[in-house]
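Protein chains in written order, with the numbering used here: chain A, 1 to 107; chain B, 1 to 591.
Honestly, the hints are just simulated from the structure, not real lab data.
Just so you know, even glycine gets a beta-carbon here, dropped at the ideal spot from N, CA and C.
Hints are supplied without guarantee of correctness; some may be wrong.
[Unchecked claim] Computed cross-link-like contacts, SDA-like style, restricted to lysine to any residue with a CA-CA straight-line distance of at most 20 Å: (1) B/Lys562 x A/Val74; (2) B/Lys473 x A/Cys69; (3) B/Lys231 x A/Pro92; (4) B/Lys562 x A/Val21; (5) B/Lys231 x A/Gly96; (6) B/Lys562 x B/Met573; (7) B/Lys231 x A/Val74; (8) B/Lys473 x B/Glu548; (9) B/Lys154 x B/Val325; (10) B/Lys562 x A/Ser72; (11) B/Lys562 x A/Ser95; (12) B/Lys473 x A/Thr68; (13) B/Lys231 x A/Ser72; (14) B/Lys562 x A/Cys36; (15) B/Lys433 x B/Glu548; (16) B/Lys231 x A/Glu50; (17) B/Lys562 x A/Ala91; (18) B/Lys154 x B/Ser361; (19) B/Lys154 x B/Lys433; (20) B/Lys231 x B/Arg494; (21) B/Lys473 x B/Glu546; (22) B/Lys231 x A/Gly47; (23) B/Lys473 x A/Asp42; (24) B/Lys562 x A/Gly47; (25) B/Lys473 x A/Cys38; (26) B/Lys433 x B/Pro396; (27) B/Lys154 x B/Asp330; (28) B/Lys231 x A/Glu26; (29) B/Lys183 x B/Lys154; (30) B/Lys562 x A/Cys69; (31) B/Lys473 x A/Glu26; (32) B/Lys473 x A/Val21; (33) B/Lys473 x A/Ser95.
[As the list claims (entries may be wrong)] Covered stretches of chain A, going by a simulated chain B footprint (3 or more residues, C-beta under 8 Å): (34) 18-25; (35) 41-48.
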Amino acid sequence: MPTAVRILDDGAWISVDDERVVSVSELWRLTDHDVCNCTTADFLIEGFVEVDVTETTILARAAGQCVTCGASAVSGWLPVGRIVGPDRRFAPLSSGDVRTPQRRRRQ
Amino acid sequence: MPTDVERWKDEVYGEEIREHLMEFAETGWESIPEDEQDAWFERFKWWGLYHQRAGQESYFMMRIGTPNGVIEPGQLEVIGEIAEEYATGPAENPEFGGAYCDWTTRQSIQLHWIKLEDVPEIFEKLEDNGLSTQQACGDSWRNIVGCPVAGKDKHELIDAWPIARDLHDTFKGDEDHTNLPRKWKVSVTGCTEGCGQGDINDLALEPARKEIEGEEVTGFNVRVGGGLSRKEPRLARDIDVFVRPEKADEVAGGLSALFREHGDRENRYNARIKFLVDEWGAEKIRSTLQEDFVDFDLHTAGEDLREEYTYNTGIQEGHNDHVGVHEQVDGNYYVGLNVLVGRMGAADVLELADLAEEYGSGEVRLTQRQNVIVTDVPEENLDELLDEPLLDEYSPDPSPFMRGSIACTGTEFCSLSIVETKNRQVRYARWLKENVELPDDHEEFHIHLSGCTASCAQPQIADVSLRGMKTRKNGDPVEAFDVGLGGGLGEDPRFADWIAMRVPADEVPGAIANLIETFAERRANGETFREFVADHDEEELADLLEPEETDYEDPYMHNTKKTWYPYAEDDDMDASPAPTDSQGDPLPADD
Ligand code: HEM
Ligand code: SF4
Ligand SMILES: [Zn+2]
Numbered sequence: 001m002p003t004a005v006r007i008l009d010d011g012a013w014i015s016v017d018d019e020r021v022v023s024v025s026e027l028w029r030l031t032d033h034d035v036c037n038c039t040t041a042d043f044l045i046e047g048f049v050e051v052d053v054t055e056t057t058i059l060a061r062a063a064g065q066c067v068t069c070g071a072s073a074v075s076g077w078l079p080v081g082r083i084v085g086p087d088r089r090f091a092p093l094s095s096g097d098v099r100t101p102q103r104r105r106r107q
Numbered sequence: 001m002p003t004d005v006e007r008w009k010d011e012v013y014g015e016e017i018r019e020h021l022m023e024f025a026e027t028g029w030e031s032i033p034e035d036e037q038d039a040w041f042e043r044f045k046w047w048g049l050y051h052q053r054a055g056q057e058s059y060f061m062m063r064i065g066t067p068n069g070v071i072e073p074g075q076l077e078v079i080g081e082i083a084e085e086y087a088t089g090p091a092e093n094p095e096f097g098g099a100y101c102d103w104t105t106r107q108s109i110q111l112h113w114i115k116l117e118d119v120p121e122i123f124e125k126l127e128d129n130g131l132s133t134q135q136a137c138g139d140s141w142r143n144i145v146g147c148p149v150a151g152k153d154k155h156e157l158i159d160a161w162p163i164a165r166d167l168h169d170t171f172k173g174d175e176d177h178t179n180l181p182r183k184w185k186v187s188v189t190g191c192t193e194g195c196g197q198g199d200i201n202d203l204a205l206e207p208a209r210k211e212i213e214g215e216e217v218t219g220f221n222v223r224v225g226g227g228l229s230r231k232e233p234r235l236a237r238d239i240d241v242f243v244r245p246e247k248a249d250e251v252a253g254g255l256s257a258l259f260r261e262h263g264d265r266e267n268r269y270n271a272r273i274k275f276l277v278d279e280w281g282a283e284k285i286r287s288t289l290q291e292d293f294v295d296f297d298l299h300t301a302g303e304d305l306r307e308e309y310t311y312n313t314g315i316q317e318g319h320n321d322h323v324g325v326h327e328q329v330d331g332n333y334y335v336g337l338n339v340l341v342g343r344m345g346a347a348d349v350l351e352l353a354d355l356a357e358e359y360g361s362g363e364v365r366l367t368q369r370q371n372v373i374v375t376d377v378p379e380e381n382l383d384e385l386l387d388e389p390l391l392d393e394y395s396p397d398p399s400p401f402m403r404g405s406i407a408c409t410g411t412e413f414c415s416l417s418i419v420e421t422k423n424r425q426v427r428y429a430r431w432l433k434e435n436v437e438l439p440d441d442h443e444e445f446h447i448h449l450s451g452c453t454a455s456c457a458q459p460q461i462a463d464v465s466l467r468g469m470k471t472r473k474n475g476d477p478v479e480a481f482d483v484g485l486g487g488g489l490g491e492d493p494r495f496a497d498w499i500a501m502r503v504p505a506d507e508v509p510g511a512i513a514n515l516i517e518t519f520a521e522r523r524a525n526g527e528t529f530r531e532f533v534a535d536h537d538e539e540e541l542a543d544l545l546e547p548e549e550t551d552y553e554d555p556y557m558h559n560t561k562k563t564w565y566p567y568a569e570d571d572d573m574d575a576s577p578a579p580t581d582s583q584g585d586p587l588p589a590d591d
């Protein structure tokens, strides 16, 4: 079955297969990104804007702010987690993982 | 492409949700198919039920809409009893105990930790007593707000309570208006002090006079498209329409229908009518309303009373926040009581209900500043009421920092939150009361704390605005606030300017103390805080607002959103008992 992903409660959550898996308020570390000029942005997730799923990865664009420099932006497509195993379970990245925006590939 | 929410709404929405809700309540939370949970939780909002955040699955927030904040005689007791019986969760709040009511900034009531299985009993009890949760959340007519002492106050052009009541009765359950692109917030005021807060609502009816065929008529001017959410605050815009009270429902219904037809259903972030007003301009809103949505000739705007407004203007005059003892038109008195951050334990609610019965008419009203008012107290009962021990805690004469504090729900229950809110604001207020001296002529000082940019605590219209943020302190992520200054309402409403960004939460009281100290020293004779802020540019203000650690201690600096409940002994997400069955016992994990 294809993985169902959506944004809920006005951007508060990403839901994967009807389970709320990632919430706003996390700080994500971004490299090779376009949200600000910091080499590594310390990006506070304030609201999810779009979510999508490729073969193996859940990607999302988020509105937020780099708490190092203060720049506000909507990010590119950031990896949220991966789909793993034969039962296609969702495995989130941890908030300490460094993320790089990706080009979105439709499945 | 329509959004998921629009798709779900097309399938089932409005009244008919109730049937399903009752069925799920019968068969239990776990009977909601997993792949339908998102859809049902979205729909349940229409009936006032909001699924709580992660770690609290199977528990709901329940909102009861009380139009204009009017709680009729007998109703408060019912609300207190429901809170006591049903609003207890698996853990207690250290400041407020196990069961409590929240009085909200839109004159509604919120209860937490409600089990789906209890909903039929609660609805029955509410409805037997003229109360309802209908449309309290969701995409339609929300609770109508207004001057909380409408009909009682000495300073009003027109008693707007019957009109608010009529709009409530007309549009709650009216199928033509139950599925709008987004929420629809309405304010109706007749008072000359401006306390309806119309400027921050989707639709505002404000008192005005108009000469029509040689006769002076009292009624309302109409403004559209205010709101605070996201970083896009807007003041409601004057659409140059005067409406007589008896036509209020036609104009309000016409505008709500215009929103239904023309609001953006493709993008929920762009859906509120404030964005349509941005796009079209006030003139096109007016002409479209005239052409397509009402069948009589609209009058142009009348003469408003905005220059008389005193409410939340920074000048310390008028009934302002309604706290304290004030005479009514009928010679009785109303007594406004301060409820810090709007939260009251269920036992206190029941006690208050008794006092209202004993000394007043039994009626109680809610303000847009999270406070309560006991109305209709005869002069001879005043002293005894004021001597009641309950009023030591909920004072009619509190410190400016206690009466001026507003805080939203925050990480305790809310999915969108970035930081802890209510318990922190309680600690801020207590610390400021002990440590900071405002000039004597400042009885009110408004500090509004919101846990995120949705702005439920209305931070942009406060003297000091706090908006939840994160920062790093010694390398570790901590809860923080953006600090704004200079917001307020009145003839010239103004949103706060954001002056200091990402101030660690434990340095905020120090920053406010430093600012107020300089204000007290340097103010010109009689200058209000709001004027003082307006007289300084952002850079000067940033210098005055010096964040600093003090002896204030903040127990909520860590990521409270990552806990299942921020105040639990073991707050780790894995320690959560949720989801639970109807009795509150953990349900077996399903994998
Ligand atoms: C997760 C969910 C939410 C909860 C629990 C929640 C709770 C509340 C509460 C309790 C109030 C009354 C304020 C108070 O006295 O505490 C309120 C008002 C308000 N809500 Fe929310 N809210 C939620 C989501 C949102 C969202 C998504 C938005 C906007 C996008 C929003 C915008 C507002 C605004 C602007 C007000 C107050 C200002 C006004 O009267 O218009 N809220 N909400
Ligand atoms: S302002 Fe944000 S954190 Fe506070 S109740 Fe509203 S949505 Fe939740
Ligand atoms: Zn940066």
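Going through the hints against the structure:
Proximity of B/Lys562 to A/Val74 is assessed by CA-CA distance (about 23 Å); at most 20 Å being required, the pair is judged violated. Annotation: proposed proximity of B/Lys473 to A/Cys69 holds, straight-line Cα distance about 14 Å (limit 20 Å). At most 20 Å may separate the alpha-carbon atoms for a hinted pair to count; B/Lys231 and A/Pro92 exceed this at roughly 29 Å. Proposed proximity of B/Lys562 and A/Val21 is supported: the alpha carbons are some 12 Å apart, at most 20 Å.
A distance of roughly 27 Å separates the Cα atoms of B/Lys231 and A/Gly96; the hinted pair therefore is violated under the 20 Å criterion. For the proposed pair B/Lys562 and B/Met573, the alpha carbon gap of about 7 Å is at most 20 Å, so the pair holds. Taken as a hint, the B/Lys231 and A/Val74 pair is honoured in the structure, with Cα atoms around 13 Å apart against an allowance of 20 Å. With a C-alpha separation of about 13 Å, the suggested pair B/Lys473 and B/Glu548 falls inside the 20 Å cut-off, and the hint holds.
Restraint check for B/Lys154 and B/Val325: the C-alpha separation of about 13 Å stays at or below 20 Å, so the hint holds. With a C-alpha separation of about 23 Å, the suggested pairing of B/Lys562 with A/Ser72 is violated against the 20 Å cut-off. The hinted pair formed by B/Lys562 and A/Ser95 meets the criterion: a straight-line CA distance of about 11 Å does not exceed 20 Å. Pair hint B/Lys473 plus A/Thr68 holds up; C-alpha atoms about 11 Å apart against a cutoff of 20 Å.
Of the pairs offered as hints, the one joining B/Lys231 and A/Ser72 holds, with about 11 Å between alpha carbons and a cut-off of 20 Å not exceeded. Taken as a hint, the B/Lys562 and A/Cys36 pair is broken in the structure, with Cα atoms around 26 Å apart against an allowance of 20 Å. Taking the CA atoms of B/Lys433 and B/Glu548, the gap is about 17 Å. The hint holds against a cut of 20 Å. With a C-alpha separation of about 18 Å, the suggested pairing of B/Lys231 with A/Glu50 holds against the 20 Å cut-off.
At most 20 Å may separate the alpha-carbon atoms for a hinted pair to count; B/Lys562 and A/Ala91 meet this at roughly 17 Å. For the proposed pair B/Lys154 and B/Ser361, the alpha carbon gap of about 18 Å is at most 20 Å, so the pair holds. Our distance criterion of 20 Å between C-alpha atoms is broken by B/Lys154 and B/Lys433, whose separation comes to about 32 Å. Among the hinted pairs, B/Lys231 with B/Arg494 is consistent with the structure: their alpha-carbon atoms are about 15 Å apart, no more than 20 Å.
Simply put, B/Lys473 and B/Glu546 have alpha-carbon atoms about 16 Å apart, close enough for the 20 Å limit, and the pair holds. About 12 Å separates the Cα atoms of B/Lys231 and A/Gly47, which keeps this hinted pair within 20 Å; it holds. Distance check on the hinted pair: B/Lys473 and A/Asp42 sit about 13 Å apart at the alpha-carbon level, within 20 Å; holds. Our distance criterion of 20 Å between C-alpha atoms is met by B/Lys562 and A/Gly47, whose separation comes to about 16 Å.
As the CA atoms of B/Lys473 and A/Cys38 are separated by approximately 18 Å, the hinted pair is consistent with the 20 Å bound. Between the alpha carbons of B/Lys433 and B/Pro396 the distance comes to roughly 16 Å, so the proposed pair stays at or under 20 Å and holds. Simply put, B/Lys154 and B/Asp330 have alpha-carbon atoms about 9 Å apart, close enough for the 20 Å limit, and the pair holds. With a C-alpha separation of about 19 Å, the suggested pairing of B/Lys231 with A/Glu26 holds against the 20 Å cut-off.
Taking the CA atoms of B/Lys183 and B/Lys154, the gap is near 33 Å; set against the 20 Å cutoff, the hint is violated. Distance restraint check for B/Lys562 and A/Cys69: the Cα-Cα separation of roughly 24 Å exceeds the 20 Å cut-off, and the hinted pair is therefore not satisfied. For the suggested pair B/Lys473 and A/Glu26, the alpha carbons sit about 16 Å apart, so the restraint of at most 20 Å is met. The hinted pair formed by B/Lys473 and A/Val21 fails the criterion: a straight-line CA distance of about 27 Å is larger than 20 Å.
Between B/Lys473 and A/Ser95 the alpha-carbon distance is near 17 Å, which keeps this suggested pair within the 20 Å criterion. Coverage of the region 18-25 of chain A by chain B holds. Counting CB-CB distances below 8 Å, 6 residues qualify, and the rule asks for three or more. Three residues within the 8 Å Cβ limit are the bar, and the region 41-48 of chain A against chain B gives 4, so the coverage statement holds.
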